[in-house]
Structure formats: structure tokens, C-alpha cells
Amino acid sequence: MSWVAQTLNSTLGRKLVMALTGLFLCTFLIVHAGGNTMLFRSDGGQAFNEYTYFMTHNPLIKMVSYILYTSILLHAVYAGILTAINRKARPVGYAYARPSENSTWASRNMGFLGVILLLFIIVHMRTFWYEMHFGSVPMATYDGQEYKDLYKVVIWAFSQWPYVVLYTISMAAMAFHLVHGFRSGFQTLGGNHPKYNPLLSNLSWAFGIIISALFAAMPIYVFIQTH
Amino acid sequence: MKFDSKILEGPLAEKWTKHKFTQKLVNPANKRKYDIIVVGTGLAGASAAASLAELGYNVKAFTYHDSPRRAHSIAAQGGINAAKNYQNDGDSVYRLFYDTIKGGDYRAREGNVYRLAEVSVDIIDQCVAQGVPFAREYGGLLANRSFGGAQVSRTFYARGQTGQQLLLGAYSALSRQVANGKVKMYTRTEVMDIVMVDGKARGIVTRNLITGKVESHAGHAVLLCTGGYGNVFYLSTNALNCNASATWRAHKKGALFANPCFTQIHPTCIPVSGEYQSKLTLMSESLRNDGRVWVPKKAGDKRKPEDIPEAERDYFLERRYPSFGNLVPRDVASRNAKYVCDEGRGVGESGLAVYLDFADAIKRDGMNTISAKYGNLFDMYAMITGEDPYKTPMRIYPAVHYTMGGLWVDYNLMTTVPGLYAMGEANFSDHGANRLGASALMQGLADGYFVIPYTIGDYLATMPADKITVDRPEFKEAETGVVNLVKRLLSINGQKTPGQIHKELGKIMWDYCGMSRSAEGLKSAREKVRALKEEFWRNVKVVGTGDELNLSLEKASRVADFLELGELMIVDALNRNESCGGHFREEYQTEDGEALRDDANYAYVAAWEYKGPNQDAELHKEELIFENVKLTQRSYK
Amino acid sequence: MLNEKREFYLALSIQHLNFERRMNLKLRIWRQRDANSKGALVDYEVKVNPHMSFLEMLDELNETLQQKGQEPVAFDHDCREGICGSCNLFINGRPHGPMQTTTCQLHMRHFHEGETVVIEPWRAKAFPIVKDLIVDRSAFDRIVQAGGYISVNTGSARDANEIPIPKIIADEAFNSAACIACGACVAACKNASAMLFVGAQISKLALLPQGKAERKATGRENGGSDGCGGFWSLLQYRGLLG
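Chains as they are written, first to last, in the working numbering: chain A, 223 to 449; chain B, 450 to 1086; chain C, 1171 to 1412.
So that you can see chain A by itself, here it is in the shape it has in the complex (with noise of 0.2 Å):
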């Protein structure tokens, strides 16, 4: 077998595709959230619809979205290996275990947590990415340019209060999952020392929740102003 296979094949090396393609994910949902805050613009969603444009029309963008596909697939993939490889190493639970005494929840529970943000991903997908690239979006025109308005399908959308309770609770699932995602991507990779453990962890805590609360504010605001 050659050494990438082998890598590929052993616990060590499917943690790191986990810690890997999760690490990649969370870059992504930083200039994701960072674009999406144009969705707060008082412009009639001007601003928010050339960045939808410049997003799906920039071949390097096109071609890191591919990158990112394939993350979130491999992502989810090896964690169904992986979990299925953990729940094996200990067929026989314990009558009475207290793992809250060595463990977060959030750590027992990524693959929950994880089942979430892939139904979630697949609902925010439908919604908003297959309406864009084949659903008839209306179109609107900013100096003399054509634009799809996907703004009205975001309004339209986060009008409706089960999008925006869909919404929070996901944000909130995500919230955990980066918090203790976030840092023991690190942790696979070998980031463990006494001095920068506490920076590493504290960022993690601050990742999760400013990158979760940021993204839940969209729907809330969009449901308060239209309301």
C-alpha cells in the first residue's frame, strides 16, 4: 500500500482529513458570514446581490467552491466512519458512566450535532443555491446591469417564521460544534502545548459563538424588519 493510502486508511490519518477538510470549513464560514453581512445594508439589497454575483461568476471562487463540496462530503463521510469505528472499540458499554467528568457534551455529541448541520445544509442549499443556479430567481438592475435579486428570496424566506426558528436552532447546533471542532482540529494536527492551550481554547469559544450569533442575527433581523 502506498504511504498515502496507508495514511488515508488509519485512525491518524482519517482524524486528520477531519481536522483538515473541518479547518477548511470554518475559513469558509468566515468570508460566508463576512459577505452575508451586506444582508444588513439599509440599500434594498443592492449591495448583497453584486456580491451573490461576483461570488458565483469569479472562476477562483467557482473553483474553490468546488474545493468545498468536497469537503463537507468528506467531512461527513469520515465521520460516519469514524464514529462507527468508536462505537466498535467498546461494544460493551458501562451500566453507570459519568463522562461529563473527563468530557464536554458537545465532544460526545458532534456526530448529533454534525446530522443537523447536514439536514440544515441541505434545506439552506434547496432554498437558496439550487433557486439561484435553477430555480427562476427575479432579476434586478443596478447601473444598467442585470442582476438575479436573490435578496428577495433571502427576505421572502426569513419572513416566515419556521425559516427563522430552522434557522437559530441550527446556529445554535453549529455553535457547538465549532467550539469543540474548532479546537481539536488544532489538537489533531499536533497543536497541544501548556502555553497556547488557554489562547487555543478561549479562540475556539470565540469562533463558535461570534460565527454562529452572526449568522442566526440574519433570519432574526430580516423576521423583526419585516414584521
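Treat the hints as calculated values from the structure; they're not laboratory data.
A couple of the hints might just be wrong.
[Claimed, not checked] The list that follows gives simulated cross-link-like pairs (lysine-lysine, DSS-like), each with its CA atoms no further than 30 Å apart:
#1 A:417 - C:1337
#2 C:1217 - B:952
#3 B:751 - C:1217
Assemble the complex: chain A is given as a structure, and chains B and C must be docked to it using the hints.
Quick look at chains B and C alone, frame taken from chain A:
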């Protein structure tokens, strides 16, 4: 019986070199034809198994633990001596030799002890190369400390876990050979008998502790590295599974047992707290550097230690031994603690303890200094007793710690049975009547790394490499013996558990054959032990069956041997009409109560021969010849 | 550091007040005849002295059981001073019980009158049950055999002081080497992973100059050993390695 210790004539410093040269060698290509059985995987066993496998021999190693790394060598705290003289304080091989032979109260062979000191330096090199993380100075070089009252700093240590680190070094070397296929490891396997073919040790019979299966293993030599017999006393600092069965059954097959009465009592142990006590925990001897030992002057004084004024305290070691004070050797400190407790001045609920007080040291050096020096020991004490030694004095009491006696071996470590070797604490050879601190680890590793690899070849070279099968009648007979023993133990179905009888034996041994012994007491103890042995075979209750994991059965089989060995210890103590080292006979003391040696009549090794069940053992004397040291009386006044 | 210790001792002296009485405890112990039998939790009642160690409490139970002609509860134990790593009980939902120490160093004063104490074996596929509370931990030996050693034959070593090792490195290496291989890290880990054990072995070898010569060879073997990775695990079951 004619004794041949096989020590060559000539200058002390050249004996080992010359001896090595006279040893016959096994051709490198022939080594793989020989099978060596190693019983026990502590420091001596693991180091021997690894070293012999490296040479090319096939090794079968046996342990009753689940892993070789659990052997009780792991619990040694203090350190390991070596005559490196890294501290430039005047240490030398000769000085280590001299200290060891004097510390042993002149009851060890000069040649053996000198060799031990000689190879001590190689041990440190070997361990460091294996990755043992010894304590170091800031400059990156090895640190040393003075230990057990030695005048030079020659003790190498790894915090308070030196034994652990040395054992893990030997274990890693052993693991490497297991991976190489040169050592076949048998875990959870207890040795039940030694098998003799044509007068030579050619194999063992084992019992698989999980399945109960009785099996035979054949080889060209058998090495017993099975530790000491301190658990005869029931309570000791030994691990709970430590036992004497392998050495005792070897003794019954013809190996002489030497100096069984030489047992070491360690003065600083955490006292017994109740009848349920299963084991005693040692506190490092270093505590006596700063702690002051005292008891109330008045018998039966039950006040709290803080409430007893200075004038009503008796710092008995400082009073009796003004120059050494609290730092007198182990046996002296232990005996004096016993005396004050016998006078009714012992402290604590049981009255079997003395105070070790750090109040003055804390006042003098401050809490932080004391905590830096002894913090981990204080924590351990607090964990076990639930008392805070920073506030209230520690309570300590002596406990059985090490047994200097063991199977008689010659300079090659071979017992009186050809092909049967004994190493480490299992043999009697190097510590005389008393072992110095940090010398046990040194001896175990010396035997395994640097003695047996040279000496075993001399024996193997004389015998054909032909393998024998375990189908021979000698093996079948031994197997039947083991099966019958198991059946017999299971069939008695009496009233007392093996644990109860063991506890009773321990009490007899401790009371009459412990820190202080008298002819009268020993005689009555012998009757008591005999009666207990008789009761054991009539009234022991062993539950379960023989073909499963059966703790009750394991215990019973070991206790049966302790009972016989206990009697021999008493017989030996009764025979030795002198006081020396760990053996103190009340009839033989100076006017001011110190041990009185009798070099004219007892400068010999008492080696006992087994003569059959319920027969008196026969005494053989190996005279000790001292050509290099002058015998002097110890004085610590 | 010293202040933390003071608080620890203060807590001790408070518990000390409860010493006099005998405690009644209800034990629920996993009994399993052998590897292939089905096991179950069995209830026992014991009266204990708070000074006892946890294993002495089990000793007493076993004596009582034997006197009644019943088989004692099988459990691993040996040195009873916290260093051999034999004892391995999962007590009330935690490896070695509530005190972050080994089972043999746990004392009954840390339990209270009437408490129910659940005692189970380590649970992991890598540690199959042998009998009752005894499990087979030979997986740890196999990990060490896969490369947890420095290849040096007896007699071939140079002088011990020839390679200086900075004190700070030697101390770090010692911290890793002090692992007692009890298996609590595997028992506690939600994934029953031996990452902490393997990590301890590797970091000792990686820190010391002696281990560096064959670092690549042994590291690779360890990385490939089934189910065990080399990096520190997500879960730091601290206190058991120190």
C-alpha cells in the same frame, strides 16, 4: 555437603575478570539451540531474559502478572547505587564494596560483593542508553544523592520512582526481544514445580491462572528471578501477590536455602490502621533527614501530639544515639521504635506507632522548603491516613521490607541444583545480614544484565544441545503432583480461608521472628507454626474449581509454602546464636542494648537442606573468609 | 500550588470527623464467570471502616463470600501503593473512582453512609473481560513491542554522562515515562482509544536523544498499530499519567 562457591583465588579486584576468562563459551551459532526458562520478570528476570535473548539463546519468560511490567521491582522508590564517583567525593568500587559488606554486618562473600560494586557502573550506562530518565542537573549531567546514611553521593534516582523507571527500561528491552521472536512470553502463568532430569533442572510445570491448565516446559536451564519471601509475615511492603512458592519448591527439589532468618525491617512505614489491613506502605527513608522521632515520656499518654509539651516528649533516638540521632541504620531505628511501643508509649489508636515530627524543620526551613523536599510523600501519607502531616506529626512504624536470605548460589548464581539459577532477591548472595538502601535495584540488574550472560555459558557449554520433550516421565510425574496438590487443596473444605491462616502465620512470625527474637519465643513459635500447618491441611477452605481463574486456590497454594518456609526461618533464627544485621537475638546484645555479633562461631552462611516432609532440615555451613576487610562492631553512639 | 494543597488538607480534616462510625454500603458488582459467559451486576451489602482502602473493602467482602462457600470477586491488584498499574476498577462511573488516584489508593472515607457503589470492569474491545472485574490488557504490551523501546543491547552502552540531557527535557520525559499503564485512559475515553497511552510512550522516546536515532522506524510502526494513534487525545485524563 561440599560447598564450592567457585570464587577464584587472587586479588579481589581481579577475581571477576579472571573468572570471566575461565568461563567456557557457547559458540554464537550454537546459542540458538539452547532454551532458557526465566521465571519472574522483575528487574532480575526481565534484564536476564532480554540480555540472554540478545546473545541468541531462546528464552521462555514466565510471570503470574498480566504484564511483565507489573513486577514489584516497580515499587522501589529511593534509587540505585553505582560507584561512578561523578560527584568527585571519593567514591570508588572499593568503597561501595566496603560499605556494602560492612552494612551487611559481615555476613556476605567478599568476592560477590566486590563484583556487584564493579558492575554497578555499567548498569547506569546501560539504563541511560535504554532511555531511563534519571534525575539530572541543569548542566544536563546525572544527579546523585546520598542515601541511607552513606557518606558519599552515589545514588542515581528518578524522582521517587526509580524502580519503576528501571523496570520499564528492562521491560522495553524484553519487549524488543519478544517482538524479535527470541523471547516467548507467558503471562498469568504460575510456576508450580521444577522438573529434574538426570539430576539437572530441565524444566518447569506451570498452571495457567486463567484456565487452570497444568503444563510443562522444557529447557536447558531454569532461572528463578521470583523475588523475596517477605509476605511470610502477611503484612509487609511487598506486593500482595509476592510469594515464595517457586523458590520453596526448588528448595524441595534439592536447592539449599541460605540464611532464611535474615529479613529487613524498614523503620518508616505507615502504621497498621485496623485488622482489615492488607499491606503496609513504605515512606522514603529520606524523611528521617528532617523529621524528629519521638513518643510521650509517660506510658498511655493519649493526648494529641500538639498538646504534649516539649518537656514530656522523649526523642528516644536522639537521646540514645547522640551522634547519629534520627539517622541511625534501619535495624537500629526499627528496634528502638518497637521497644518504646512495648513499654506502652506507642501512639495512635493501636499504640503501635511513633511520631515523626516535622514541626521544627518547618519552623527552621519554612513550609515551602519542606514541601519541595517531601511534598509527594506528605501527599501520599495524607491520602492514606487522612491526616495532614504539615500540621500534626506523622505516625510511623517498622514493617518487613526485604529478605536478604534466599536460595544458596555460587559465584555463577547457580544453586546447588545443576542448571537451576537464582537471581535478584530470590538468592542470598550479596547483602549479608542487612541490605543498604538503593542496593536492591543494583543487585537485581547486576545479576540479570552483567553476571548471568557470562556465567550461564559455562554450564551450557558442558551439556549437549539436544532438546528433551515434555512427554518424559519426569515431566508427567511433576504434572501429576501439581494436579494432585490442586485436588487436595480443593477437597479439604474446612472452616478457615487461606487468607485467615496466612494472617495467623504472619502474626506468629512478626511477634516471635520479627524485629527482636529470643530462643524461648522462637521455640514456641515453631510449635505454633507447626500446629498451624497441621490445621491448614485439615481445615482450609478453598472454594471454586481447579480449571478456572481461582483466587482462593492461588492463595492457598502459596500459603502452604509460606507455612513451611516460616518454620525454616524460625529454625535458622534459633540456630544463629548471635545478633547481626536484621537478625537480633535478645540474648546476644551489649550492655547498652546493641547487637552483639559472634564472628568466631557464626561467620558462616547457614544453608539448609530439605530432608522431606516433617523432617528437620539439615544445616550446611559455608565459612565466610574475609581477606580484605577487618571485622568491626558497628557503633552509632 | 501550596495553597491548593492546603485546601486539600483542610478538606481532609473535615472528613476526619466521620471516622468513628462504621458505614453501610450497597455494592453493585459486575460478575462474569469467564470471557464467554454472560455477566450481570450483582448486589452485595457491606459494612466498612472509613480508614479502609477500597481494595481492603473488597478483600473483606471476598473473605465473607469464601466463608459462605461462594467464589470471591476476581479483581486485579498487586502493589497497593499506586505504582504497578494492576488495579483497574470502574467505580461509580469513573475509572478508579472519585479521587483521581489509583483504586488501591482510594479510601472508603470518600464515600458516605448508605451510598450505592457500582463497580464495573474497564469496557473496551481492546480489553476483553477475563473474569468478573479482570480484563486482558495485553494490548498495551503489544503496543510497546511494536516500537516502544530503544534498540540497545546489553553491554553496548557508552558512559552515562556522555550525552548531556537538559534537566527540563529529562523531567518532561520522566512525566511521560511515569505512565503506569493501568488503562484508565482507555476506560475513560468515550471512544475507548489508547491515544494517551501511546502518546506517553512516544513523547518519552521523542524527547530523549537516545530515542531519536530510530524515531522514524518506531513511530511508523506505532502509527500503524490497530486503532491507536500517536497524537495526544482530545480527552486529557490528567492525573493518572503524572
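Going through the hints against the structure:
no.: 1; hint: A:417 - C:1337; result: holds (19 Å)
no.: 2; hint: C:1217 - B:952; result: holds (21 Å)
no.: 3; hint: B:751 - C:1217; result: holds (28 Å)
This entry satisfies every hint, going by the numbered hints stated previously.
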